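Assemble the complex: chain W is given as a structure, and chains V, G, H, C and P must be docked to it using the hints.
Protein chains in written order, with this note's numbering: chain W, 1 to 237; chain V, 1 to 237; chain G, 1 to 237; chain H, 1 to 237; chain C, 1 to 237; chain P, 1 to 237.
To be clear, the hints were calculated from the coordinates, so they are not data collected in a lab. In this text, all values refer to a predicted model and were calculated from it rather than measured experimentally.
All copies of an identical chain are treated as equivalent in the list; a pair is satisfied when it fits inside any one copy or across any two copies.
Derived pair list, reagent style BS3-like, types lysine-lysine, alpha-carbon separation capped at 27 Å:
#1 K23 <-> K80
#2 K106 <-> K143
#3 K47 <-> K23
#4 K105 <-> K143
#5 K80 <-> K47
#6 K223 <-> K234
#7 K143 <-> K234
#8 K47 <-> K143
#9 K106 <-> K234
#10 K47 <-> K82
#11 K233 <-> K223
#12 K233 <-> K105
#13 K143 <-> K23
#14 K233 <-> K143
Number of protein chains: 6
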Amino acid sequence: MSRIDGRNNDELRPIEIIPNINKFAEGSCLIRCGNTHVLCTASVEDKPPRHVPEGEGWVTAEYSMLPRANRERSRRDISKLKLNGRSAEIQRLIGRSLRSVVDRKKLGPWNITIDCDVLQGDGGTRTASITGGFVAMMLAFQKMMENGQLSEYPISGYVAAVSAGVVNDVPMLDLCYEEDSNAMVDLNCVMDDQGRLIEIQGTGEGRPFTLEEQQKLVELCAKGIRELQAAQKKALG
Amino acid sequence: MSRIDGRNNDELRPIEIIPNINKFAEGSCLIRCGNTHVLCTASVEDKPPRHVPEGEGWVTAEYSMLPRANRERSRRDISKLKLNGRSAEIQRLIGRSLRSVVDRKKLGPWNITIDCDVLQGDGGTRTASITGGFVAMMLAFQKMMENGQLSEYPISGYVAAVSAGVVNDVPMLDLCYEEDSNAMVDLNCVMDDQGRLIEIQGTGEGRPFTLEEQQKLVELCAKGIRELQAAQKKALG
Amino acid sequence: MSRIDGRNNDELRPIEIIPNINKFAEGSCLIRCGNTHVLCTASVEDKPPRHVPEGEGWVTAEYSMLPRANRERSRRDISKLKLNGRSAEIQRLIGRSLRSVVDRKKLGPWNITIDCDVLQGDGGTRTASITGGFVAMMLAFQKMMENGQLSEYPISGYVAAVSAGVVNDVPMLDLCYEEDSNAMVDLNCVMDDQGRLIEIQGTGEGRPFTLEEQQKLVELCAKGIRELQAAQKKALG
Amino acid sequence: MSRIDGRNNDELRPIEIIPNINKFAEGSCLIRCGNTHVLCTASVEDKPPRHVPEGEGWVTAEYSMLPRANRERSRRDISKLKLNGRSAEIQRLIGRSLRSVVDRKKLGPWNITIDCDVLQGDGGTRTASITGGFVAMMLAFQKMMENGQLSEYPISGYVAAVSAGVVNDVPMLDLCYEEDSNAMVDLNCVMDDQGRLIEIQGTGEGRPFTLEEQQKLVELCAKGIRELQAAQKKALG
Amino acid sequence: MSRIDGRNNDELRPIEIIPNINKFAEGSCLIRCGNTHVLCTASVEDKPPRHVPEGEGWVTAEYSMLPRANRERSRRDISKLKLNGRSAEIQRLIGRSLRSVVDRKKLGPWNITIDCDVLQGDGGTRTASITGGFVAMMLAFQKMMENGQLSEYPISGYVAAVSAGVVNDVPMLDLCYEEDSNAMVDLNCVMDDQGRLIEIQGTGEGRPFTLEEQQKLVELCAKGIRELQAAQKKALG
Amino acid sequence: MSRIDGRNNDELRPIEIIPNINKFAEGSCLIRCGNTHVLCTASVEDKPPRHVPEGEGWVTAEYSMLPRANRERSRRDISKLKLNGRSAEIQRLIGRSLRSVVDRKKLGPWNITIDCDVLQGDGGTRTASITGGFVAMMLAFQKMMENGQLSEYPISGYVAAVSAGVVNDVPMLDLCYEEDSNAMVDLNCVMDDQGRLIEIQGTGEGRPFTLEEQQKLVELCAKGIRELQAAQKKALG
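Chain W with its partners taken away, still in its complex shape (with noise of 0.2 Å):
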């Protein structure tokens, strides 16, 4: 039985990443996953948060939808004056995760803040969010090579992400909003270029799952996150 795109249930969506969309930021991609459209920018600064030790960098991520990313408009947080819950989870996982396989002592002073403005929605825009800010990121930290604010490469690793779910009790990579609002389970994987896990997120939404559907999940994912982190070597050239 196919997916609603006919897709197998091992099959990632339609990736494009196009580097350097923005003319300002130091690094910047649009990152397509299928109908999932999300802009990422890297901004340069000097000033790293305060609790940060003295001569370190660090590495902030905020994520945000625009109000008419998806199948109904919704209002803007500073119409509500409050940051959106859902939104700011996502962001605290975008910026994990992207810290991860940084290296705050070779990034310092820097402080670089990774933003993800989902400009459409269809499922699956944290796990976008955080491929293509590693894009970002990365053309950032070639721009600071080039002019010398870095002498090496900060990092560990390669970091990407995607979502699978169980969907009447079929186990398939990469959801679409249509089949993740079927879902009964959803989980999330982030993980570096050896296959180790970074993150993992997994929910029962419908039910609660087994072990066995955990494991299952995972293994999706990470054939998954093969295939992005080739596509993110691609777009970094």
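Showing chains V, G, H, C and P alone in chain W's frame:
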């Protein structure tokens, strides 16, 4: 003496309007005026604000810049818990300009929200938002005609906008950021397709200006607006 | 055909400027334009905002209406946790207008804050705020000259402002609230004492307007501004 | 030993109450207690807050100082996005005090909002707000009687308020700012026209105080309040 | 006629003060006055607010109720983005009361924050907060003496607080919630251990009250405060 | 090699659940996991949020730390006007976890709010909140059964949660704060009483982790959760 980008003094930057850029919005376009890129979406909802008489429609606009739309990253409004004063001013201008050609009784009872999100800003973002916002609105009206929400187009004319300014005592059309930074006088015009004014806003940024200068700038704008309206018509098919 | 309050079409409302209305502010006045009453104070502080070059001065303005300045009570901004969009727009206009005649180097390193609080509003509050705000600023400069904080007046001219509009197709000067509510076109001018424009903002509220109409309205404003500047000079002694 | 402004220890500052100062409010006055000037308006609306039993009326108060009401300019609440804690405390006091003499059943279903905006503050702004707020409320009740919104006055007495304090161990009535700054004890009384207490708030600012001192201060307040109520009656005609 | 819980009119509710309830705070206690339970912590930091003269110390208080401290759940302040007006008033009272016996020069340069969080509220939470807050502050001072941050106790006396009220025309000490809801008059006293007043706040909630009633309520409070101070001393060992 | 507090690597901290700690809430408990103390209350109201289908019920959670729950005092959310991002993330997790075993149709039309307020935090506050929040919720359900608001228990299983982590390359159960600060990997599991996963969240804080490590941590959690569910059952009687 030629301009920084080689244009004549009465020449627009290259203009590009890509319609239907967003899969979900009832109307949308990406407008590019040189390096200024604005994503405009029109969303149709059925609840006009309370102050609107029963049965009439309404058009409102929201304007925002992505954090890295500019040379330096700026903090998001939600981080400061305050709507940027400049954004507040601009979105009021966009809304007024678009409403000026809308017949609110014919639009009733629909509420149209025009979101103008600046992806990249190189001067003239407010006028690009009006020009692009009109296209998004018209595309939404087309869709509403097709699905029977409207029985006739609720508009009385086309709207477009552009700026002109005095740089080194020379009047010029459609200032880019670098010209704008050095302008002594800056004037925005919003006009309909009969060459009448809808809005005029002029500011002596470096010095006061004479009525003759004001008149010259309006003439430059009128020329530019005719060309922008041709681009609008082409995008609308 | 006479106006609602019996004035000629090119006639200002009665103007009254009471200087030094506030015991504590370095400069202050109460300006009454008919039934529009605005309390303007100028406060001298020693910390211009960060974006101002070291050693230079700055002038900024804040505008607010008391809750019962109008026919109906409006909620305070702090109850809604949002600065009123209209107030944001107006205070930017007041600040730009006053800065246009100020020599920021001569003013350095002082920061002047002009507070314009509308006690009663009957149309034309933004232009009354500019006219009265200029008087308050000048009174503060007088005091700074006397106590040695300034060695010369840091201004290049006088600033005043007024509106004109088209009501029932008739151009009229200085609209009161009831006229303003019925205006087809509304235009504000800020001018210096040489009759040059500092700001011009015109809006077709009910219909677009021609260049000829715009020109006629500017002429009406120029006449009114000459009279307002006479009143300013009288108040400044 | 005379006071800083030559008054006797049991003497009020000159009191002036100008009724109907605002053209739009149902009731209003400007109250001047020496150099303390408060603009009080009473607005009649038809929606009491939700917690009020169906059919009953309500009185609420809001208190605010203009930015330059004081010796130094203070930032507006909206700039800090926080209602000043002191204002919050004071407006609760004003509301409670006025409600204490109002028959909410007779007032039903009207909601009265008393706005007390301090134009200039030289000590005693909260008590001046209560004294002036009562006058504004009564003027609104007069108007409601005239237009048939009320069939009888919904009050059981007159309310006025004043402070007294201990300065250099000497009890004094109606402290001005300079005395207040040096007071060891500060006590506010709100009383009705039968000399009964409605509110009493005393604070040992520099040292604790004895029951005898407290009693002496209440007596001073009682004397002052009788005089204030005479001024209220004169203003109400 | 006995009270709802069988107490005499001049009898406190059972009082219990458990010191050192919090493992991390420099001083802390849980105070139980009948069914009113308040967790008080004192935190020592080294940065007094800016308005404090160099070298001096400061004491500030914050007060909050847990959402389900009461019969009905109330929304958190952060959900409404506004500090509850009542909380603002109460925390100002707690801070003033504790500072009244603190020698700010001897405390310098330390800043003490007293957090009073009401776990369960059955009337009298503000007075319980003062009584418990004083104990928490003293325990912090003990610790600061032990570790050398202070060389002498920076206090001039003990502080405790209690309320009294008139219910059915009968004066009673230490009202519980149900009595408080029916009180005609409610009066809070803060006193030192010499029976002198630090704060007095009385409100005629249902009717004005006479000076004789006020005096009787103060006497009841004085009796209760002596007993509360005995409980404080026992808790402090 | 023993742990900092002498526990075995697969040993929980001492667990204590005191039911009915709050006099007013429909359900409540104080849960102590070692030095982590969380007060959990369940409040029953009759208005589920708007997005819930008519007739169904809902469970939502709020999480907050008292200012001095930690080694250093932190500012209250309301002082910063922002809900802490970490709190936003955690309360979403608590709500999802509890809803996963609730039958929303059987619960209809009631809305349950679970407030988890951390009185003292020593690691594991989010998992303690889930474990304690479930007990508070069940106690509320008991009460609703007794008073006829429910006719059957609207749950499909028990929910508890715990963390495990890798410290110095050794997997350990239920990290206290000091262990958590040094953990290389941190993983939280929420499970039902059949050993199935409801939520899993793992983070490589110091380094990526392998699938084997992840599996080992889940096993430790499963053991701990069985013991926690025994404690829940004991508390529920």
